[in-house]
Amino acid sequence: MRAAQDTSRLAPPPGERRAPSPAATAAAGAAAPRPPRGHRLRGRLTIAAFLLPALLLFGLLVLAPILVAIYTSVFKWNGLRGLPDDFVGTANFERMFADEVFLGDLWRGAVLIVLSLVVQLPFALGVAMLLNQRMRGRAVYRMIFFAPYILSEVITGVLFSMILSPDGGLANLVLGTVGLESGWLSDPSTVMPSLFLVMTWKYFGFHMILYLTGRQGIPHEVTEAAQIDGAGSWQVFRYVTLPLLGPTIRISVFLSVIGAIQLFDLVWVLTGGGPAHSSETMAVTMFQFGFKRYQVGYANAISVVMFAVSLVFALVYQRYVMRRDTEGAITAMRSQR
Amino acid sequence: MSLGRRSAAALVAATLLLGGCGGGGDGEPKAASGSGGKVTVEWWNIGTTEPLKSFLARMATEYQKQHPNVVIKNLPIENEAFKARMTTLNQSGKTPDLFTTWGGGVLKQQVDAGLVKDLSADAASWMGSFTPAALQPYQVDGKTYAIPADIGMVGFWYNKALFAKAGVTEPPATWSAYVDTVKKLKAAGITPIALAGKEKWPGHYYWAYLAMRIGGLAALQQAATDHDFTKPPFVEAGRRLKELADLDPFQKGFLGAAYNTPDGQAALVGNGKAAMELMGQWAPSVENEAGKGLGDDLGFFPFPAVEGGAGKVTDAFGGGGGYAVGTDAPAEALDFLKFISEAKNHRDVVASGAVLPVLKGAEDAVKDPNLATVARALSSASGFQLYLDQAYPPAVGQEVNDSVAELIAGKKTPEQVAQAITETAKSE
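Top to bottom, those sequences are chains A and B. Position 107, counted from 1, in the first sequence is what the working numbering calls 107; the numbers after and before it change by one each time, with no gaps. With positions in the second sequence counted from 1, the corresponding number in the working numbering is that position plus 1000.
Derived by calculation from the structure, the hints in this document are not laboratory data. Just so we're clear, the structure is a prediction, and the values are computed from it rather than from any experiment. Fair warning: there could be bad hints in the mix.
Claimed, not checked - Below, a sample of chain A positions facing chain B; criterion: calculated Cβ distance under 8 Å: (1) 78; (2) 274; (3) 295.
Virtual Cβ for every residue (Gly too), placed ideally from N, Cα, C.
Let's have the full structure, built from the sequences with the hints guiding it.
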């Protein structure tokens, strides 16, 4: 922890971040105030050469598919036979916003986001604060709580579909002894809470680790000073720890929301979106149409909406909530100049 | 920050160049087939359960022994995963050299996209040895696009001991007798029916069979062309199914149950926890694989007739499985199919109980008495209808599955089901 702070001090102060690249510095040092064209060009070529592989991959694997998806989302297309030719305009989008299942997806997505923010993250924060105390076996607990995050979604899904099996599953065997059996994933009215339970089990450890590292980045002196000033442990948490954890909490909220919008694999393995669409998410609906019904144009329209929702959220959130945390990133670049 | 114009141009040029290289590599693996080197035949199938699994593996090994220059890459993939992977591959304009197909609407789309080889001419010399019913699902516009490997039909697989325990001595032959049977089983504290609600396709069998028994084969065939599923037989089928579902005949938590998992539909019947399931000819082997299997207690009866319906009790609903050949596949792919289909090999796999005969005159190779019943029912069938989720275009088939699942879950009325399917069919 100490070491981490020292290295952070070695980083250049914000003002120097826009310093010219090493190559450009060398070029500038070689001659008069204004470097000759050749040198400037070489500098830029160097930049281009270094950027090229990343740009290429980004273009081919990220930008191109997004553009193709946006393009094909205005066609009726089964995904076969090259590019589509049956232009339908906004029909796919109109159909989507008239479809109960898709509107349900939006609602269920919102429910999952709210539950994550109100239940999962505070829970993770609480556990992180507990595990920050000096206690025996602390490392073991941390490892145990973090372990579910390392498991793949599919393994988690298979595991919990066995545990939550309504007939003879572990959960009902144990809860049945006190008369609290449930249909879990097989009952439209309990499937969402069950799904959220599994999500929490799977992901809270990740947020816990985030909070834990954030908490450890807070210098001991600060909390100590507050204690000397007479603050109780709640007050220290409320007025010192929590505000200083701000950046960590903001990024954790960000990841949690984006994750909820794109949730697919866990749902797919656990319920396939059922029973009767009651646990379907946007991504599952998209998969159903793209891979089961061969309506790739419509599926792409859904993916475009998903992308737009994520993008708008990401930009707005970064611009207004994470402004201080991401200085120098795209949204704040201009204001820094 | 702005790059200079020249460096930007260089960047673009380099991008195009590298992109071009990537594209050029595509056709490369196929180039190896032919002269000199080894020919690889990539073969995707769904033989993940015994005894089919080891039969397919043995076929590959034996063929390779006879043809040292051929490598058969045998890839058994679980049913649902198979469909998802196949779709992805198709959308990139490719297929494996050899792959499982169920014919019908999906195969037609693949044919329309130019992904599948027309076998009518190349396999003409031996095509005649298959039964017409087995070939039918793979025929599009008079041409044949796959070689059948299995054919079968859906019917009720039941536990004789549990039926006896509930006082049912005869398998029901009419729908009202069937409903009575379900009530008797329930009264005896037995789960009447196992159903994999999570997977949807097992549920569609009920609706399809009811529609067939009520409206006859003609009703289903007409719906395929006029896209109108709101006619009385389809709504009536929904009503009957709803009546059945209202009796609560399925196992606890059936809406979340899978088909072949250890707590799924097949295992429940195989372990004697549910009295019956409506399933295809593969049911006994999956019951043995996922559960203990019922042995002599297992029986088969055809889907009962609906009183006053136009359909005959001898009309069969089912489908097969065959292998299609990719457009770019080497000639060895078809030769390998011919090898699998040889009478000796086909009789072997039929005798193992994995499939039912697709070759004329191989009926006597069926050893298992239950499968023999199915084979007899098939050979004497008065008509044949392919699974609806295969026969119709994929979107319509899935809508049937989805809507019927919602009907069984009590989320849609019979009229809404008919309406939803019609809307999808009209928009395709």
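Now the hints, each set against the structure:
1. Because the smallest distance between the Cβ of residue 78(A) and any Cβ of chain B comes to about 6 Å, under 8 Å, the interface hint for this residue holds.
2. The interface hint given for residue 274(A) holds, since its Cβ lies 6 Å from the closest Cβ of chain B, which is under the 8 Å cut-off.
3. A cut of 8 Å between beta carbons decides the hint on residue 295(A): the least distance to chain B is about 6 Å, and the hint holds.
This entry satisfies every hint, going by the numbered hints stated previously.
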